[in-house]
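A.B. asks: Given chain A, work out where chain B should sit, using these hints.
Protein chains: 2
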Amino acid sequence: MYQVNTNYLKLPGSYLFSTIAKKVAAFQEKNPDKEIIRLGIGDVTQPLPKVVIDALHKAVDEQADAKTFKGYSPDLGYQFLRDAIAKHDFKDRGCDIASDEIFVSDGAKSDSGNIQELFSEDNVIAVTDPVYPVYVDSNVMAGRCGNYDPNTGMWDRVVYMPSTAENGFVPELPEKTPDIIYLCLPNNPTGTTLKKAELQKWVDYANQKGSIIIFDAAYEHYISSPDVPHSIYECEGAKNCCIEIRSFSKTAGFTGLRLGYTVVPKSLKSGDASLHDMWARRHGTKFNGAPYIVQRAGEAIFSEEGQKEIDELVGYYMENARIIREGLSSAGFTCFGGKDAPYIWMKTPDNMSSWEFFDYLLEKINVVGTPGSGFGPSGEGYFRLTAFGTHENTKKAIERFKTL
Amino acid sequence: MYQVNTNYLKLPGSYLFSTIAKKVAAFQEKNPDKEIIRLGIGDVTQPLPKVVIDALHKAVDEQADAKTFKGYSPDLGYQFLRDAIAKHDFKDRGCDIASDEIFVSDGAKSDSGNIQELFSEDNVIAVTDPVYPVYVDSNVMAGRCGNYDPNTGMWDRVVYMPSTAENGFVPELPEKTPDIIYLCLPNNPTGTTLKKAELQKWVDYANQKGSIIIFDAAYEHYISSPDVPHSIYECEGAKNCCIEIRSFSKTAGFTGLRLGYTVVPKSLKSGDASLHDMWARRHGTKFNGAPYIVQRAGEAIFSEEGQKEIDELVGYYMENARIIREGLSSAGFTCFGGKDAPYIWMKTPDNMSSWEFFDYLLEKINVVGTPGSGFGPSGEGYFRLTAFGTHENTKKAIERFKTL
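Chains as they are written, first to last, in the working numbering: chain A, 9 to 412; chain B, 9 to 412.
Next comes chain A alone, as it looks inside the complex:
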């Protein structure tokens, strides 16, 4: 008789954003006249750049003609896209990453959920706390996290690295050595970034201890400070201990188009086992490539015109970040992030819990954000707002905050 994977049954409640969606829907149903402003889930609101739209139309037309029709994509991505990524995202920044170390996928969420498959079931993961829930949940499903304690909100085989206002949201290097370290920089949800010398410490630690770093750089394009690295491969020795995950979602508005990639350097080895070959095997066995038309859309952002358009797009959202950060500060709230990142991480006022503050904002000013505790126990007492709304809604939301 078949049995289910009981690790799935250990997961408490539903996925954070599903819970929020349900609460908001219930509120809206009870209050159909209220205009809700959503600064919760990190979804973009601006249309796709013109270069992307043009590339999509052109590629669709190719699919209408037998002479230019494309069937299955190469498992690991079209060469034109892998070459463009290697040049613009790495070689031009001085990182020695080759095209064939880049694996094109349907997005950073898939890759960050699937990457854990490459590792032994008894490996121990470390995460910053708070953290993007996918890292922990995907490891729970694989049986790597032990048991959940509902009182602490923690799994007993996970190394948590608290990131709070007290340490400037930069955790200490862990005392108990983990096997796999997840780092997301610029950070979701806290908006923290690290300077190169600080990031180098993590790479050195991983190389020294034999740990591997899964580096999620989905928000790389939001960095404007010159001393903040865009890729972990800007650090020395990173090619021996780091996998980097990237996304087109926030860089170019692809949340509904689905495109991302993962870098697995060929030098990344555990004994004779090549992580690069293993990831290629996974792609070949369980994935059939991102759509041709979407890969052409991805290529388009690397043209001169494309770069200009995505800079404008990111600039639009960063103006929202400024409006939120300055508006909340002037209204007396304490907030962090929003400088090299599209997230503003605020302290809840009057020692309210994160969910209390969520309900309070929804009820009083009809603004939706994300409760910090949804990202981990050290997120309790914090609240995340995103810069991905429209200018109009963002300004309106901040005016409403000022009435509180």
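For the record, the hints were derived by calculation from the structure and aren't laboratory data. Misleading hints may appear alongside valid ones.
Note that the list lumps identical chains together, so a pair holds whenever it fits in one copy or between two copies.
In silico BS3-like cross-links for lysine-lysine, where the CA-CA straight-line distance does not exceed 25 Å [said to hold, decoys possible]:
hint: 1; residue 1: K18; residue 2: K277
hint: 2; residue 1: K78; residue 2: K66
hint: 3; residue 1: K58; residue 2: K78
hint: 4; residue 1: K404; residue 2: K78
hint: 5; residue 1: K30; residue 2: K78
C.D. replies: What follows is chain B alone, placed relative to chain A:
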């Protein structure tokens, strides 16, 4: 120190189609003047139907305007597509499947590779032999298959169900009860189909033994015989023991566009554990939906015009199947399938091995097919040809076969 998932290292050689691609590339390099005809990998060659192209252009234009822009898709698929699938693929055929039992994905390969995650690591799988390699390989990666014997080409924890000319390519119900049974009908690679009464036996067996059937119906649209079921849910009791996987790849030429879906009925339970809820959780955690534009393209094939166009498309390929089947038979070869399926499964002549015949065809007539042994030990001595070429190339290939 991190350790890799050693199950990956047990996988022998590379993925079947990668090996073929390398052999063909090497031959072409040595013989640049030879015109190779590819009837190997099951990739389509005809352009996308007009309704699909129109739907894509329209959806792309929506993505260019903030008022109609769509970001993240619902994790489980857009309602418009789930409704269209539930109506056309199930309710219209008398199957009681609801929209919310349909999970839209980026393709049947992903789903058939990922579905094993829902089950306990010590569950035993059964596969027909020969079989689509993804079922076994994805279970090997999860540690469910034991060890590989290079002499027999078999894994010691897998139940193989030989399907050969001797049993009409319909295996016996397994004596040793497996937990998870993979069935692909119409079958890849043998082209076999089952009548409803025969399929009902498998459903009854699964319900009686407490096994679950993973039913891959990717080639459903190639069925023309009236007594062959298109969905396993046409059988009584299937909603208690079956998951069905479907694809838009061969039905509508979506191999490069990527769209599929999996049906997990809400009545499918192991004790209190709902497979439906577990699969929803997997989607929510490790997947971010198929692209909006591609889901609109999928919806388009369910219109009256869309149905007409995909019937013509499938008719085009089935005409190739007829050309191959009749041509090879008249040339004295023994072949099977190709009636309700786009695959022709032929016996190699003169007791040649599958790979010997592959090399022989490539060398002598520059035609590429797929060695039967690549699909499992019982595929030895057989060879697969696909109907997905152009009429012109298919006819030319058959003329070349006649010169042998």
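A.B. asks: Next, verify each hint and record whether it holds.
C.D. replies: Status of the hints after comparison with the structure:
1. K18 <-> K277: between (32 Å within a copy, 17 Å between copies)
2. K78 <-> K66: both (13 Å within a copy, 20 Å between copies)
3. K58 <-> K78: both (23 Å within a copy, 15 Å between copies)
4. K404 <-> K78: This pair counts as between: shortest inter-copy Cα distance 22 Å, intra-copy 46 Å.
5. K30 <-> K78: Result: close only across copies, 20 Å inter versus 40 Å intra.
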